[in-house]
Amino acid sequence: MTDRYDALIIGAGHNGLVCAAYLAKGGQKVLVLERSEQVGGAAITREFAPGFKVSACAHILHMLQPKIVRELKLKTHGLNLNGPPIETISLAADGNKLTICRYNIEGAEVSDTDKVAYTRFIKRMERHARALAPQLLKTPLRLANAGFGNVIKLAGMGWDIRFGLGKKRMRDFLRIIGMNIHDLLDEVFESEALKGALALDAVLGTAMEPRMPGTVVTYLYRLAGGLKSIPTLPMGGMGSVTVALADAATSFGAEIRTAALVETVLLEGGCAVGVVFAGGEEVRAPTIISNADPKTTFLKLVGARNLEAGLAHRISNLRTSGRAAKLHMALNSLPDFTGLEQDALGNRLVIAPSRKYLEHAFNHSKYGEFSAAPAMEITIPSLADPSLAPAGKHVLSAIVQYAPYDLKGGWDAQKDTFVERVVDVISAYAPDFRDKITTVECLTPVDIEREFGMTGGHWHHGELAIDQMFMMRPTYGTAQYRTPIDGLYLCGAGAHPGGFVMGAAGHNAAQAIIAGDK
Amino acid sequence: MRAQYDKEHFRKHSLPTPFYPRMAELSQDSSWHCWKGYLSADYFENVELEYFAIRNACSVMDLSPMSKYRIRGQDAEAFFDRMVTRDMSKLKPGRVGYSVWCNDQGKVVDDGTIFRFGEHDYRLCAYERQYEWLMISSAGFDVDITDETEGVAALSVQGPTSFAVLSKMGLSGIETLKPFGIVHFPYHGGKLMVSRTGFTGDLGYELWVGGSKALTLWDELFEAGKHYGIRAIGTHALDIARIEAGFIQAGDDFTPANHTIRKDHDRSPFELGLGWLVHLDKPNFTGRRALIREKEKGSRYRLVKLDIDGNKPAHASYIFHGRKKVAGVVTSAVWSPTCKQNIAFASLEVAIDDPLNDLWAEIYYQRELQWNRVWQRCRVHDEPFWSPPRRRATPPGLF
Chain A
832 MTDRYDALII GAGHNGLVCA AYLAKGGQKV LVLERSEQVG GAAITREFAP
882 GFKVSACAHI LHMLQPKIVR ELKLKTHGLN LNGPPIETIS LAADGNKLTI
932 CRYNIEGAEV SDTDKVAYTR FIKRMERHAR ALAPQLLKTP LRLANAGFGN
982 VIKLAGMGWD IRFGLGKKRM RDFLRIIGMN IHDLLDEVFE SEALKGALAL
1032 DAVLGTAMEP RMPGTVVTYL YRLAGGLKSI PTLPMGGMGS VTVALADAAT
1082 SFGAEIRTAA LVETVLLEGG CAVGVVFAGG EEVRAPTIIS NADPKTTFLK
1132 LVGARNLEAG LAHRISNLRT SGRAAKLHMA LNSLPDFTGL EQDALGNRLV
1182 IAPSRKYLEH AFNHSKYGEF SAAPAMEITI PSLADPSLAP AGKHVLSAIV
1232 QYAPYDLKGG WDAQKDTFVE RVVDVISAYA PDFRDKITTV ECLTPVDIER
1282 EFGMTGGHWH HGELAIDQMF MMRPTYGTAQ YRTPIDGLYL CGAGAHPGGF
1332 VMGAAGHNAA QAIIAGDK
Chain B
6 MRAQYDKEHF RKHSLPTPFY PRMAELSQDS SWHCWKGYLS ADYFENVELE
56 YFAIRNACSV MDLSPMSKYR IRGQDAEAFF DRMVTRDMSK LKPGRVGYSV
106 WCNDQGKVVD DGTIFRFGEH DYRLCAYERQ YEWLMISSAG FDVDITDETE
156 GVAALSVQGP TSFAVLSKMG LSGIETLKPF GIVHFPYHGG KLMVSRTGFT
206 GDLGYELWVG GSKALTLWDE LFEAGKHYGI RAIGTHALDI ARIEAGFIQA
256 GDDFTPANHT IRKDHDRSPF ELGLGWLVHL DKPNFTGRRA LIREKEKGSR
306 YRLVKLDIDG NKPAHASYIF HGRKKVAGVV TSAVWSPTCK QNIAFASLEV
356 AIDDPLNDLW AEIYYQRELQ WNRVWQRCRV HDEPFWSPPR RRATPPGLF
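These protein sequences, in sequence, are chains A and B. If you want my numbering, it's the 1-based position in the first sequence plus 831. If you want my numbering, it's the 1-based position in the second sequence plus 5.
Don't read these hints as lab results, they were simulated from the structure. Predicted model, so just to flag it, every value in this text is computed and none were measured. Please note that a few of the clues may not be correct.
Claimed, not checked - Straight-line C-alpha distance at most 20 Å; calculated EDC-like pairs for lysine to aspartate or glutamate: (1) K95/B <-> D257/B; (2) K287/B <-> D1317/A; (3) K218/B <-> E137/B; (4) K317/B <-> D257/B; (5) K1224/A <-> E878/A; (6) K300/B <-> D286/B; (7) K300/B <-> D1317/A; (8) K1187/A <-> D925/A; (9) K287/B <-> E1099/A; (10) K1131/A <-> E367/B; (11) K41/B <-> E137/B; (12) K946/A <-> E902/A; (13) K1239/A <-> E1200/A; (14) K317/B <-> D224/B; (15) K302/B <-> D1317/A; (16) K196/B <-> E180/B; (17) K1131/A <-> E180/B; (18) K41/B <-> D286/B.
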């Protein structure tokens, strides 16, 4: 087959589509290959019970980069970000809920001191996050063999931290950056409920608990990604984002082929020259871009034996074991959460009553067990978007931690017990909850791996911790989207700046590829 | 394959090898050092006598501490081909190949010999321990890796009369064994493997046997060799011979890349004069990309053999260009008793203009605690200092 395409993108997840759209916009002939029937990767909306639809993985849109929305004109391609803005409500069994807005908090149990401290804390953290934020939409710098461009980048990063923050704040930034969120929160707040809820933000989607060093970084990272966005439940679920992206990409001329499972990246003389499908068919192009996670890309599609030993070793050592499960429940009517009005149910509800609660939940996962009392992030997206459930009925979507990928004894035998556990926990906050459930779908990390092809079922394609961030993501030697295999690039969550529905990795990869072409 | 040894072994710093009982009897001064965890003799009686056994008669050295790994499996050839710089498809069963292997940065991890026993059966012998690197390199390959260092005892039998000694021992058919060939013999209910390999640049063999047969082998060998000038040698004598033969030694002439901490302290194969071992036309091997880059951009160092005036070995001397500018440093140096030359290896910086002319060694030496310094002119020597025709003759002569 002749080179009909300039670039092939493996995986039509949101980053693959962002990358495709930018490359196509830049005049390249792009073909996106998706193994499923539907585009979107894990960012899809799908039916899990007749008439009930839900976002399959991430359910809150809080980090999609406005630059990407603007440049790819996603709103004209059908992206609806007009859902009501959501706040975080930390549930309490006694009904004394805590409402956490961007700059202020409300709650019967919270002291005035904490209320003032919260506003100051968030402003302080956001200033720090602003020093990190410019890095998200840039190719990470190279430390080894750094050329002039990298020295400029390093200087720029130093400038952002030193002069963006100023002397006093830089000192604070450098002091807290290696800390754990548990200790930082102790310095600032009195209320344990508040500390628990904030600590959840630092560990959600990770294999960490609040006392682990590096949890301040994850907290700041989350803030940095969301500085310019208002958290929302996208109309039509997360799938609406990728449908709009696919529409944008095709409008720029990209082609998308679904039900196209790529089995191998074709190598000739050590260079990537095409892909081979499960059926044996080949497609060739000078640039191959993988939106698959780094382990899948390097160890399966390329094969460890086609890499040099050091890189293969570093890739196989990446921490990619997911510890978050996703639960979807079809409800015949809204449950009654103690102390919560019906109209508050459309918010982000979290179960993280204290930091100890999170630690206990995490402890089980260290020993290959799921949490006895898991922490959760819950949404009921059908409130804002009734099209997701039959009239009068509702959908509940929950991210549940911790549910380790490598569960002792395996998930098959224990999934039902786990679901029971989750229902029990929610029932403590909504006593009539059990009676409302008609169907349950539980996606453990093993299911997520099987269904979406993410190694370890980790939806960041690898732990987003400081040793696997920036120029270390996924690992040095392949952190600038270009891999050591000529012609092969990464554009997925396994590359900087990681997961979330941010689109930044796809954007940065496309910029790196375009810049490299010049 | 684990040999039986004293369970209290951990109380001692170094383990005895299977030949230790015989070697301990011969060792006049109990002069030993630790070679990767095993006791290895510096010398037994006299370094000069031992050296001349290598060049004029038959020397026997205990090779048992050499790190030995068995690599078996469907992918063994592909595994080696990806790990080492040489094209391993050219190494046929029954043959031995020398190679280096690199890290991703194209810097030498170690050098060693690869024995191909069968289609899917190999042994790797290296000076350094390599188990971790082998395991790292094995991801994605169907191979089984076993450390045989402990179970396999080995003797290096080198020198002009080595063939006569082995013939006398009754190893019939050994006359047809070519350099880098392997032959197996039944041996007292076990097996004896003989390879025509060595580290002396002379006629010589290496004998490999299970640990339980080690002392029998030693005794039979010395019995057969008693009229052929057979002599046990230590590493000091070998060191002279290997420099004459132009063989580099890990830890002396380069620091294995996995041990270097500081930038630029490692060496690529090109920088060690081993470019002939690098087959860049292979589609993939560890270090390939970096070595291609090095080939394009140039190397930082070059290793040269030097013939130095005078008779004072240039141990650790600086090499100067025009007696002014430092050009590099001597990595190994010795007075060659056979060649009657003052020889050395030196690692020179490539950036020096015209580095191969007007080279001088600044040699320090001591007399009755008094340090003296001499300047000696150095000439680059392209060929090994010692490489007699008998090294390759098949059948070898009965000297």
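Consistency of the hints with the structure:
no., hint, verdict
1, K95/B <-> D257/B, "30 Å, violated"
2, K287/B <-> D1317/A, "15 Å, holds"
3, K218/B <-> E137/B, "29 Å, violated"
4, K317/B <-> D257/B, "19 Å, holds"
5, K1224/A <-> E878/A, "14 Å, holds"
6, K300/B <-> D286/B, "13 Å, holds"
7, K300/B <-> D1317/A, "18 Å, holds"
8, K1187/A <-> D925/A, "18 Å, holds"
9, K287/B <-> E1099/A, "11 Å, holds"
10, K1131/A <-> E367/B, "56 Å, violated"
11, K41/B <-> E137/B, "15 Å, holds"
12, K946/A <-> E902/A, "38 Å, violated"
13, K1239/A <-> E1200/A, "6 Å, holds"
14, K317/B <-> D224/B, "39 Å, violated"
15, K302/B <-> D1317/A, "18 Å, holds"
16, K196/B <-> E180/B, "19 Å, holds"
17, K1131/A <-> E180/B, "50 Å, violated"
18, K41/B <-> D286/B, "35 Å, violated"
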